[in-house]
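**Q** Modelling step: build the complete structure from the supplied sequences, incorporating the hints.
Number of protein chains: 4
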Amino acid sequence: MASNSFGNIFRITTWGESHGRAIGVVIDGCPAGIPISEEEINHDLARRSPGNSPYTSPRKEKDLGEIMSGVFEGKTTGTPISIVIWNQDQDSSKYDSIKNLYRPGHASYTYLQKYGAFDYRGGGRASARETAGRVAAGAVARKFLSTLGVTVAAWLEKVGPHTAAVSTENLAEVEKKTYESPVYCPDESTAEKMMELIGKVQDEGDSIGGLVRAVAVNLPAGLGDPVYEKLSANLSKAMISIPGTKGIEFGTGFAVSQMTAYENNDIFVNKNGTVETETNHAGGILGGISTGMPLELAVAFKPPSSIMKPMKTLDVHGTDQTFRLQEGSRHDPCIAVRGVTVVEAMMAITIADALLMNRSSKV
Amino acid sequence: MASNSFGNIFRITTWGESHGRAIGVVIDGCPAGIPISEEEINHDLARRSPGNSPYTSPRKEKDLGEIMSGVFEGKTTGTPISIVIWNQDQDSSKYDSIKNLYRPGHASYTYLQKYGAFDYRGGGRASARETAGRVAAGAVARKFLSTLGVTVAAWLEKVGPHTAAVSTENLAEVEKKTYESPVYCPDESTAEKMMELIGKVQDEGDSIGGLVRAVAVNLPAGLGDPVYEKLSANLSKAMISIPGTKGIEFGTGFAVSQMTAYENNDIFVNKNGTVETETNHAGGILGGISTGMPLELAVAFKPPSSIMKPMKTLDVHGTDQTFRLQEGSRHDPCIAVRGVTVVEAMMAITIADALLMNRSSKV
Amino acid sequence: MASNSFGNIFRITTWGESHGRAIGVVIDGCPAGIPISEEEINHDLARRSPGNSPYTSPRKEKDLGEIMSGVFEGKTTGTPISIVIWNQDQDSSKYDSIKNLYRPGHASYTYLQKYGAFDYRGGGRASARETAGRVAAGAVARKFLSTLGVTVAAWLEKVGPHTAAVSTENLAEVEKKTYESPVYCPDESTAEKMMELIGKVQDEGDSIGGLVRAVAVNLPAGLGDPVYEKLSANLSKAMISIPGTKGIEFGTGFAVSQMTAYENNDIFVNKNGTVETETNHAGGILGGISTGMPLELAVAFKPPSSIMKPMKTLDVHGTDQTFRLQEGSRHDPCIAVRGVTVVEAMMAITIADALLMNRSSKV
Amino acid sequence: MASNSFGNIFRITTWGESHGRAIGVVIDGCPAGIPISEEEINHDLARRSPGNSPYTSPRKEKDLGEIMSGVFEGKTTGTPISIVIWNQDQDSSKYDSIKNLYRPGHASYTYLQKYGAFDYRGGGRASARETAGRVAAGAVARKFLSTLGVTVAAWLEKVGPHTAAVSTENLAEVEKKTYESPVYCPDESTAEKMMELIGKVQDEGDSIGGLVRAVAVNLPAGLGDPVYEKLSANLSKAMISIPGTKGIEFGTGFAVSQMTAYENNDIFVNKNGTVETETNHAGGILGGISTGMPLELAVAFKPPSSIMKPMKTLDVHGTDQTFRLQEGSRHDPCIAVRGVTVVEAMMAITIADALLMNRSSKV
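Residue numbers (numbering that gives the first Met the number 0), protein chains in the order written: chain A, 0 to 362; chain Y, 0 to 362; chain V, 0 to 362; chain R, 0 to 362.
Take these hints with a grain of salt, some might be off.
Stated by the list, open to error - As a list, the in silico BS3-like pairs of lysine-lysine whose alpha-carbon atoms are at most 30 Å apart: (1) V:K199 x V:K176; (2) R:K175 x V:K98; (3) Y:K361 x V:K74; (4) Y:K270 x Y:K199; (5) A:K74 x R:K361; (6) A:K361 x Y:K98; (7) Y:K74 x Y:K361; (8) R:K308 x V:K270; (9) Y:K74 x R:K93.
Simulated from the structure, these hints should not be mistaken for laboratory data. In this text the structure is predicted, and so the values were computed from the model without any measurement.
**A** Structure follows, in structure tokens:
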């Protein structure tokens with residue numbers, strides 16, 4: 000159970016609604032001795048923040064995480080790290096007029112069915128705001144990974160027909176270019192086309208989906224536990240737990256349904272004493288366990304559901320109604336943009352957990 | 000942890016290697032009072048069995064599950080249901096010649112890195128044989144679901160360029176046709192083309208990937224727990240834990256990256272007092288919680304890695320070697336065929352768990 | 000893992016150190032629809048607060064819990080309830096002089112061995128202050144239990160040779176008298192003797208142990224899951240996780256080692272159609288499952304370790320040192336007094352969890 | 000949930016009823032590389048077996064565990080170790096006459112309330128027979144502990160007024176003497192008196208309770224995770240999950256309620272560079288974490304409930320009935336005797352788990 004927690008050893012618990020006093024995360028199981036500061040956490044939170052680019056929600060909110068516990072004299076202590084992020088822009092009066100509507104594509108109907116009530120203010124717990132807690136925890140996980148030389152990077156790979164071409168030779172460079180781009184796409188010319196398309200869709204009062212790609216390098220071989228705690232299985236759960244995701248694939252992914260083994264098998268080769276594979280169709284995972292090759296995955300995000308264009312819907316009484324976002328409402332035209340940071344965070348958290356789990360594999 | 004277990008309340012633990020004495024599953028958390036027999040379990044196991052069709056491994060083994068505990072006077076008692084399936088065809092001498100090889104596409108290398116040793120006989124724990132335990136547990140889950148009117152069905156949707164056209168209006172009919180087809184594809188004409196292609200690939204000593212689609216109907220709205228125990232997140236973990244899977248998508252899936260919200264949002268409509276949606280791009284899930292519309296997902300299986308065609312590889316000493324399956328070895332030309340039954344089982348198990356978890360959602 | 004969490008469905012995660020910014024608790028899995036207010040939480044927190052009686056630590060701190068999430072329009076929403084309690088009196092300068100000492104009976108040495116460092120300020124995470132989060136969560140659990148008519152009460156039963164005589168016929172009356180007593184003992188004359196003894200021990204610069212008894216009534220029969228989630232097993236874990244506890248017993252407890260079955264067996268009787276037992280040596284639990292009779296247990300608390308009387312010890316360099324509390328330090332002369340409220344809270348949390356788990360016992 | 004599983008990393012799942020085909024255990028999370036054989040497991044199982052001494056149940060059954068998986072070429076592989084123990088003496092016809100009775104002190108009534116039905120044959124899942132799976136798993140845990148020099152031993156300490164005097168200087172010697180004694184008490188003269196008392200009680204058609212003491216030595220300091228995964232909290236859950244237990248205490252235990260801190264605190268001393276304590280009232284645990292001193296606990300077992308002496312009870316219809324064991328029935332006169340082996344096993348399992356958990360405490 001524990002439906003607001005993720006991870007086995009490195010385990011996060013997020014809490015908070017879009018329009019409550021605050022949101023936050025408790026990180027349990029983080030090893031002692033990792034240097035971490037609020038600045039590092041806020042660096043990552045800033046990347047996820049709304050209002051950070053014209054292609055994200057204009058919600059004017061500077062997300063600042065406060066470390067409440069678990070860090071002493073600049074280092075993690077092994078005890079729970081509690082991070083609180085205050086909600087500043089929480090006027091919920093504008094939701095009064097739509098409080099009884101099932102917003103199309105939203106979780107209002109399903110929450111009502113589940114709990115007998117729902118928090119109509121800005122999506123409540125289903126709000127993308129919940130992901131700030133993940134990003135804060137991801138900053139800690141990334142710091143832990145960095146002590147082992149493991150690096151994680153994600154970017155916006157595709158919007159509409161526009162697909163970025165990205166070399167992952169130098170992942171630090173990819174990360175730099177990604178966050179210089181307003182749409183978090185390191186391929187500048189594709190980014191231009193994405194921005195044009197997103198802008199056009201936004202002008203029409205609509206929104207659009209997108210694809211995020213993520214890569215992790217320098218993982219040791221051997222991470223991931225057979226059979227249900229496969230690294231790939233846990234990454235899938237991690238990614239599909241992010242609001243708005245509709246699919247995930249590893250390495251060559253869905254294209255394998257049209258390939259033969261002779262095409263798809265990655266040949267093992269001896270590179271100066273290190274076992275590598277010539278290709279990496281497997282995306283760095285065999286039998287659910289890391290091979291040491293780059294870990295590669297892609298995540299599909301749907302177009303964010305709340306738009307200016309009027310759409311038919313029902314209210315809680317089953318009566319036909321029309322829903323459209325009010326002018327000035329804060330919503331993203333392409334949730335995949337900010338999704339980049341969240342995918343990155345969840346990947347770091349999942350790998351951190353796998354690293355710790357792996358410590359008990361041998362006597 | 001508990002890396003060989005899956006589920007929160009309805010929880011399975013599988014054990015056993017391809018070439019040990021037996022394999023099995025323990026089902027914990029199954030409610031008391033469900034009528035279940037060995038016949039029902041063996042009915043599902045027979046569908047998964049190798050040798051069941053020319054398009055699966057010719058391993059001659061009749062998988063028979065024995066219920067060791069948890070069933071009394073024909074009904075579940077609420078205590079653990081232990082099912083043991085004996086390994087009959089377990090001659091492992093033929094693996095002697097390849098015991099030191101890293102088989103391309105296999106988990107031998109990653110297991111060795113993780114555990115310092117690996118069971119070279121037929122894939123050990125990474126063998127598809129492990130999935131028999133899942134199917135046995137799936138039979139129990141399906142029986143539980145049937146008491147609530149929930150039905151699950153899966154089929155082979157795509158191999159190479161051939162995509163089945165299947166109407167899900169009558170899921171019982173789909174199930175019937177699926178298991179009448181040697182490749183578990185209910186669309187007969189497409190099935191013919193698939194068989195032709197699989198046969199051709201097999202003749203070349205190669206294997207091929209495939210796509211499995213699964214649907215569940217009559218789910219109540221409200222299943223799935225925010226935020227990390229989303230129904231979609233758990234289904235993703237369930238499916239990507241199956242050997243050979245490389246991707247999963249829900250409803251419209253990866254295609255959403257090219258869609259706008261106006262196209263993608265499913266409109267709520269009042270059908271004689273019941274809330275439904277006009278379309279079902281969401282695949283029956285909003286905010287990770289079931290809407291009551293059909294739950295739809297697709298899973299990509301890679302081409303099974305062990306083939307007759309010789310491929311370069313390394314041995315454990317890092318020396319170049321060649322690997323090819325020996326004549327008469329038992330391996331599937333398209334693992335997605337038998338994957339149908341496993342996808343079905345994991346879907347049933349995940350939904351059964353969500354149903355039980357949902358019992359504590361309200362006071 | 001998740002070592003700062005307790006419970007399966009109704010699950011608490013506490014965080015925070017004695018001298019950090021704040022402490023808190025996240026309650027996950029609480030059903031939707033329970034009316035709860037900060038006042039109710041603070042009512043219970045006040046009972047646990049230091050400075051509440053001359054027989055507890057004089058730390059001047061009014062513990063006020065703020066509900067950050069999970070409650071909307073006065074009721075639980077089914078999403079995580081985050082409660083933050085600020086640390087007001089957190090001057091840690093007075094710990095500078097003892098920062099390198101292994102305080103006798105404290106966890107400083109064991110934390111150092113485990114984590115390579117320890118938070119020397121007031122016990123860090125091992126501080127009894129952590130229990131405030133449990134009490135806040137316990138208030139929510141008690142409210143949930145009250146919707147089902149289940150009542151929990153605890154009291155100080157024994158200090159030194161003085162044992163309280165308490166009738167549990169009217170548990171509301173017991174609760175009232177307990178919290179009217181400065182030592183949380185409802186038997187006034189025994190309470191007088193306890194106070195006298197505690198005062199005498201305190202005057203000598205020493206502290207003393209105590210025994211807390213707890214009872215829950217109106218539990219339905221059938222709570223607790225065989226075999227490792229027995230109600231008694233989980234209550235044992237719950238109680239022995241409280242700082243300073245050294246033992247727990249149920250019903251007749253340790254005395255059974257001198258009894259025969261003929262003496263100890265509780266005879267089932269039919270009381271107007273209800274199955275009861277004539278006696279209750281079992282303490283309301285058979286086979287780990289509640290019988291419906293009053294649930295009874297007792298918990299032993301050690302004398303709090305930090306005292307004014309000088310004691311020999313070592314510092315982190317292995318050098319002989321002397322430790323004694325500084326004048327004006329805030330410490331309890333008998334931790335069992337405040338332990339009453341914590342035992343009560345953990346009992347309520349454990350029963351709430353068992354109630355929810357039990358919802359999936361039958362089809 | 001997973002109510003038939005215990006442990007976080009080293010995790011056991013037991014299954015099976017007293018009168019089903021078999022019982023068994025699956026051990027997940029055992030590190031790879033531990034040498035283990037069926038002989039070693041059966042060595043421990045023999046100690047627990049009924050019929051092993053005149054002071055245990057005369058059930059004639061040689062418990063032999065078969066390793067079904069997880070061991071390859073004599074060593075653990077890191078995958079689940081499944082051990083099956085067949086039920087040989089499973090004639091359940093003799094239970095027909097009592098199938099509708101609530102047996103006094105038994106779980107029949109509570110199971111019926113929980114599950115709506117109960118397996119009346121020999122206690123079903125609540126039977127002490129379930130503990131054979133624990134003992135088999137304990138043998139594996141003990142083998143793992145032995146690679147680290149950690150030793151566990153338990154013995155019958157008290158029956159009626161007779162208390163054994165045992166020095167724990169040489170734990171191997173204690174173990175040897177314990178299992179030479181028919182009542183598993185290493186103090187021969189006390190053992191004589193215990194046997195006399197048990198025999199007398201048995202002659203009267205009655206049974207008697209007992210106290211088991213357990214010690215583990217050579218534990219590293221630092222085991223056990225604050226705050227809910229304290230070593231003491233998990234040991235408490237482990238022990239109170241054993242059928243028939245009514246209490247547990249650590250070190251000085253319940254006696255601390257009459258002690259002052261000056262008496263109870265264990266003074267840290269430097270023994271040639273090693274930190275030890277002069278006394279060990281704490282039982283080797285401070286703040287829930289091991290100190291490196293001997294871990295000491297005691298567990299109270301009730302008198303086994305089924306006796307020859309007739310006792311009043313009810314049947315499932317609420318009608319007054321009389322219950323007594325039939326002549327020739329197999330039941331223990333003092334369950335604490337066989338409890339020794341089970342306590343030992345659960346202690347080893349809990350420590351093994353804590354050792355593995357501790358591997359992720361530091362960066």
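**Q** Could you run down the list of hints and mark each one as holding or not?
**A** Structure-based check of each hint:
Distance check on the hinted pair: V:K199 and V:K176 sit about 24 Å apart at the alpha-carbon level, within 30 Å; holds. Pair hint R:K175 plus V:K98 does not hold up; C-alpha atoms about 45 Å apart against a cutoff of 30 Å. Restraint check for Y:K361 and V:K74: satisfied, since their Cα atoms lie roughly 11 Å apart, inside the 30 Å limit. Between the alpha carbons of Y:K270 and Y:K199 the distance comes to roughly 48 Å, so the proposed pair goes past 30 Å and is violated.
Restraint check for A:K74 and R:K361: the C-alpha separation of about 11 Å stays at or below 30 Å, so the hint holds. Pair hint A:K361 plus Y:K98 holds up; C-alpha atoms about 21 Å apart against a cutoff of 30 Å. For a cut-off of 30 Å, the pair hint linking Y:K74 to Y:K361 stands: about 28 Å separates their Cα positions. Of the supplied pair hints, the one linking R:K308 and V:K270 holds, its CA atoms being roughly 24 Å apart against a limit of 30 Å.
For the proposed pair Y:K74 and R:K93, the alpha carbon gap of about 22 Å is at most 30 Å, so the pair holds.
In terms of the numbered hints stated before, the structure departs from hints 2 and 4, listed from lowest to highest.
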